[in-house]
Amino acid sequence: MIMVNKYGQRTVNEKLPYHELGRSMLRWDASKAEHPDLRMYMIFDKSARVHFSDGTSGNPIKPPNEHDPNLVEGETLDELAAAIRRRIEDLGPVAMAGLNIADDFETGIKQTIEEFNKHAATGTDPNFHRGESAIELFRNGPARPGNEKNPALFPFDKTGPYYALILAPGTLDTKGGPAIDSEARVLRAADNKPIPGLFAAGNCAGFPSGQAYWAGGATIGLAVTFGYLAALNVSSNK
1 MIMVNKYGQR TVNEKLPYHE LGRSMLRWDA SKAEHPDLRM YMIFDKSARV
51 HFSDGTSGNP IKPPNEHDPN LVEGETLDEL AAAIRRRIED LGPVAMAGLN
101 IADDFETGIK QTIEEFNKHA ATGTDPNFHR GESAIELFRN GPARPGNEKN
151 PALFPFDKTG PYYALILAPG TLDTKGGPAI DSEARVLRAA DNKPIPGLFA
201 AGNCAGFPSG QAYWAGGATI GLAVTFGYLA ALNVSSNK
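Each residue of the sequence shown is one higher than the one before, counting from 1 in my numbering.
Since the hints were derived computationally from the structure, they do not count as laboratory data. Fair warning: there could be bad hints in the mix.
[To be verified] Capping the alpha-carbon separation at 35 Å, the derived lysine-lysine pairs in DSBU-like fashion look like this: (1) Lys110 - Lys149; (2) Lys110 - Lys175; (3) Lys62 - Lys46; (4) Lys149 - Lys62; (5) Lys158 - Lys193; (6) Lys32 - Lys175; (7) Lys46 - Lys175.
None of the values given here were measured: they were computed from a predicted structure.
Construct the complete structure from the given sequences, taking the supplied hints into account.
Structure (structure tokens):
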């Protein structure tokens with residue numbers, strides 16, 4: 001499985017946690033004055049569909065014998081690219097944010113998969129280092145049989161069918177907000193001193209990781225802890 005942009009090119013490690021992966025789709029190409037990754041195309045083969053449709057890895061992929069209206073399909077990579085073009089036309093400019101695929105999209109996909117296969121056969125990804133971190137392997141699910149070199153990499157089948165899903169970035173929630181101290185007191189921006197009687201906890205306060213996101217549910221522990229501290233301070237009139 002790979003993700004490609006409007007030019008049929010990989011631009012990111014597909015196994016990154018969703019926060020980092022989503023942010024990568026907002027990349028701005030100043031030389032072309034565009035967001036080339038705002039819509040990504042997840043390309044995979046029948047073997048990947050069979051292996052990851054068992055539900056054990058949390059993947060919303062249906063088995064080959066079940067119809068999935070979100071899937072785009074082609075017996076060859078050229079047919080798949082043509083089917084993606086038709087799906088984009090059906091979705092319309094609003095759903096696609098005005099982003100069409102490039103004229104050489106088909107060529108880009110084939111070149112990208114050829115390079116990916118060459119490296120995946122050796123268990124390496126020199127471009128984006130997929131499968132080199134513990135979190136990627138943890139979220140990857142069980143390795144496919146015969147994939148002892150790198151559980152997060154496997155070459156594409158030489159024959160189809162091939163499938164694609166059109167991906168767009170989305171917002172789960174926000175985690176920006178005012179700075180607080182260790183007592184959950186909101187700090188004044190001008191002098192970094194507590195504002196009397198004003199407290200914040202959870203996602204209405206600035207998150208200590210800044211623009212990073214540790215993992216799903218990471219905000220809950222801080223919300224409970226600082227909510228408790230805020231309640232204690234309110235009750236004691238701090």
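- Query: Are the Cα atoms of Lys110 and Lys149 separated by 35 Å or less?
  - Reply: Within the cut-off at roughly 24 Å; holds.
- Taken at face value, is the distance from the CA of Lys175 to the CA of Lys110 at most 35 Å? Violated - the C-alpha atoms of Lys175 and Lys110 are around 39 Å apart, more than 35 Å.
- Query: Is the hinted pair Lys158 and Lys193 satisfied, with a Cα-Cα distance of at most 35 Å?
  - Reply: 63 Å, violated
- Item | Hinted pair Lys32 and Lys175, Cα distance within 35 Å | Holds, at roughly 31 Å.
- Would you check the hint for Lys46 and Lys175, treating anything up to 35 Å between C-alpha atoms as holding? This hinted pair is violated, its Cα atoms lying about 39 Å apart.
- Message: Given the hinted pair Lys149 and Lys62, is their Cα-Cα distance within 35 Å?
- Response: 27 Å, holds
- Are Lys62 and Lys46 close enough, with their CA atoms no more than 35 Å apart? Status holds; Cα separation ~11 Å.
Taken one by one, the earlier hints fail for this structure at numbers 2, 5, 7, listed in ascending order.
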